[in-house]
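Enquirer: Each chain is listed here by its residues.
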Amino acid sequence: MIFVKNLYKSFGKLEVLKGIDCHIREKEVVVVIGPSGSGKSTFLRCLNKLEEPTSGEIIVDGIPLNSEVNVNAIRREVGMVFQRFNLFPHMTAIQNIVLAPEIVRKTNKTEAQKIGLELLEKVGLSDKANEYPDRLSGGQQQRVAIARALAMKPKIMLFDETTSALDPEMVGEVLAVMKDLAREGMTMVAVTHEMGFAREVGDRVIFMDEGIIMEEGEPNEMFAHPKNPRMQAFLSKIL
Amino acid sequence: MDLNWKSAIDSIPILNKAALLTLELTAGAVAIGVVIGLFMALARLSKLKLVRAGAIAYIDFFRGTPLLVQIFLVYFLIPKFLHWETLPNNYQYIAGILAMGLNSGAYIAEIFRAGIQSIDRGQSEAARSLGMSQSQSLRYVILPQAFKRVIPPLGNEFIALLKDSSLLSIIAIQELFYSAKIVAGRTYQPIPMYIAAALYYLIMTQLITQWVAYMERRLGKNDLR
Numbered sequence: 001m002i003f004v005k006n007l008y009k010s011f012g013k014l015e016v017l018k019g020i021d022c023h024i025r026e027k028e029v030v031v032v033i034g035p036s037g038s039g040k041s042t043f044l045r046c047l048n049k050l051e052e053p054t055s056g057e058i059i060v061d062g063i064p065l066n067s068e069v070n071v072n073a074i075r076r077e078v079g080m081v082f083q084r085f086n087l088f089p090h091m092t093a094i095q096n097i098v099l100a101p102e103i104v105r106k107t108n109k110t111e112a113q114k115i116g117l118e119l120l121e122k123v124g125l126s127d128k129a130n131e132y133p134d135r136l137s138g139g140q141q142q143r144v145a146i147a148r149a150l151a152m153k154p155k156i157m158l159f160d161e162t163t164s165a166l167d168p169e170m171v172g173e174v175l176a177v178m179k180d181l182a183r184e185g186m187t188m189v190a191v192t193h194e195m196g197f198a199r200e201v202g203d204r205v206i207f208m209d210e211g212i213i214m215e216e217g218e219p220n221e222m223f224a225h226p227k228n229p230r231m232q233a234f235l236s237k238i239l
Numbered sequence: 240m241d242l243n244w245k246s247a248i249d250s251i252p253i254l255n256k257a258a259l260l261t262l263e264l265t266a267g268a269v270a271i272g273v274v275i276g277l278f279m280a281l282a283r284l285s286k287l288k289l290v291r292a293g294a295i296a297y298i299d300f301f302r303g304t305p306l307l308v309q310i311f312l313v314y315f316l317i318p319k320f321l322h323w324e325t326l327p328n329n330y331q332y333i334a335g336i337l338a339m340g341l342n343s344g345a346y347i348a349e350i351f352r353a354g355i356q357s358i359d360r361g362q363s364e365a366a367r368s369l370g371m372s373q374s375q376s377l378r379y380v381i382l383p384q385a386f387k388r389v390i391p392p393l394g395n396e397f398i399a400l401l402k403d404s405s406l407l408s409i410i411a412i413q414e415l416f417y418s419a420k421i422v423a424g425r426t427y428q429p430i431p432m433y434i435a436a437a438l439y440y441l442i443m444t445q446l447i448t449q450w451v452a453y454m455e456r457r458l459g460k461n462d463l464r
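Taken in order, these protein sequences are the chains called A and B.
Position one of the first sequence corresponds to residue 1 (the working numbering), numbered consecutively onward.
Position one of the second sequence corresponds to residue 240 (the working numbering), numbered consecutively onward.
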């Protein structure tokens, strides 16, 4: 589903990604972990071209990400959820969700509304359809953001530290929604510090440091017997 | 000091008419200025170097030279370019509104640019990640938020524009200041006349202030901040 070959990314003189190779299969749930500054988020943002790779090849759903022409077409199929939610503050929850289906997919209003309400129910927020983001808690906002991304019926979902900006008591409700998605067979790439999530639903863990993939493997095996010394050091700090 | 207020009171119908013209001139200039301003702000933020350079040149010129000079330039340049032998009736109004609109377009461009740039980058990233094109992201996500933020500085600009419309007296447009001056000269009572003119300007700028406050309240109703 996603092929990444020899991916490099620099910001000016700072080289953030130094040759990433990876293959993510359909319905696979991949969890990307690593210390801050290791390039995890940059890697994720390259997958829907929010960042322009310096060099290397990315193929998403059979389409190479090279020209500006197809970038919107790719992004339709790849949903993204951000650390800071990024809901549109001038729109209600339901308006946030139906906007892209209506103007990008040209779904008619009634249909979009129906899908939107179903998704709000799925994330447990049916009663908040007409609330503005300002009136929702962080966890609720993030669940609306997930519903908004799902409304485009994406084939792949990217999660960029989606629980890092939340108060601890709200992390669970967002993770629960993500776990549901994983169980339904969504192809997911999640940058996260939630090792419990990785263990429970992750098919594979990728450990990144200094812009490269240091180690990858099945979560339980990897957490129990990390081979790479950096991974060992990282785990000892967070577990 | 012996002031004769009768001349000012007698001239109320003239001043009313002149004040209305001042409002019309300002409204016309605002309309042109907002359109040019939006266009120039987007050009100023364009990825294309040439487009950006054009916008910068425009803004620098109209902010960097006096409005008075611009009024004359527009007034004399248009007939030259269009090869007019004689000036059409009421030509000064067209030239006046155009000059003021071109001028305020430069200021409004910077106001809009600041507004657009003040919107968090995450907003456009979220919009783009949903597959929206850049123009869809601007139209549905960025501009509605930016407009709300630029209302106060925009109000400032409209007030400045209304007051600056007095400069149009120089091309014989009978707006408020021009009319006051004429009456003052005729009656030899400049002080009451100019006090009256000042009051008229004050009332009109207050109207704009109130309108801006109303718009702010109305558009800000979804904010808890």
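Read the hints as simulated data drawn from the structure, not as lab findings.
If you're wondering where the values come from, they're calculated on a predicted model, not measured in any experiment.
Backbone N, C-alpha and C define an ideal beta-carbon position, used for all residues, glycine too.
Careful, some of the hints might be misleading.
What the hints assert, rightly or not - Okay, the calculated bits of chain B under chain A, using three or more residues with CB under 8 Å as the criterion:
1) 326-338
2) 358-366
Said to hold, decoys possible - When the alpha-carbon atoms are kept at most 27 Å apart in a straight line, the in silico DSSO-like pairs for lysine-lysine are as follows:
3) A/13 with B/288
4) A/18 with A/227
5) A/155 with A/27
6) A/13 with B/256
7) A/155 with A/227
8) A/109 with A/155
Claimed, not checked - Distance windows between CB atoms, simulated:
9) B/395 with A/169: 41 to 47 Å
10) B/318 with A/10: 53 to 59 Å
11) A/13 with B/374: 30 to 36 Å
Enquirer: Compare the structure with each hint and give your call.
Expert: Evaluation of the provided hints:
Here the region 326-338 of chain B counts 0 residues with a CB under 8 Å from a CB of chain A, which misses the bar of 3, and the coverage is violated. Counting residues of the region 358-366 of chain B whose beta carbon lies closer than 8 Å to any beta carbon of chain A gives 6, which reaches the threshold of three, so the coverage claim holds. Note on residue 13 of chain A and residue 288 of chain B: the hinted pairing holds, with a Cα-Cα distance of about 23 Å set against a maximum of 27 Å. For the hint linking residue 18 of chain A to residue 227 of chain A, the alpha-carbon distance of about 21 Å falls within 27 Å, and the restraint holds.
The hinted pair formed by residue 155 of chain A and residue 27 of chain A meets the criterion: a straight-line CA distance of about 9 Å does not exceed 27 Å. Of the supplied pair hints, the one linking residue 13 of chain A and residue 256 of chain B is violated, its CA atoms being roughly 65 Å apart against a limit of 27 Å. Only pairs whose Cα atoms come within 27 Å are accepted, and residue 155 of chain A paired with residue 227 of chain A is rejected, the gap being roughly 33 Å. Of the pairs offered as hints, the one joining residue 109 of chain A and residue 155 of chain A holds, with about 22 Å between alpha carbons and a cut-off of 27 Å not exceeded.
The hinted window of 41 to 47 Å between residue 395 of chain B and residue 169 of chain A holds, with their beta carbons roughly 45 Å apart. Taken as a hint, the range 53 to 59 Å holds for the pair residue 318 of chain B and residue 10 of chain A, whose Cβ atoms sit roughly 56 Å apart. Evaluation of the 30 to 36 Å hint for residue 13 of chain A and residue 374 of chain B yields a pass: the beta carbon distance comes to about 33 Å.
This entry does not satisfy hints 1, 6, 7, going by the numbered hints stated previously.
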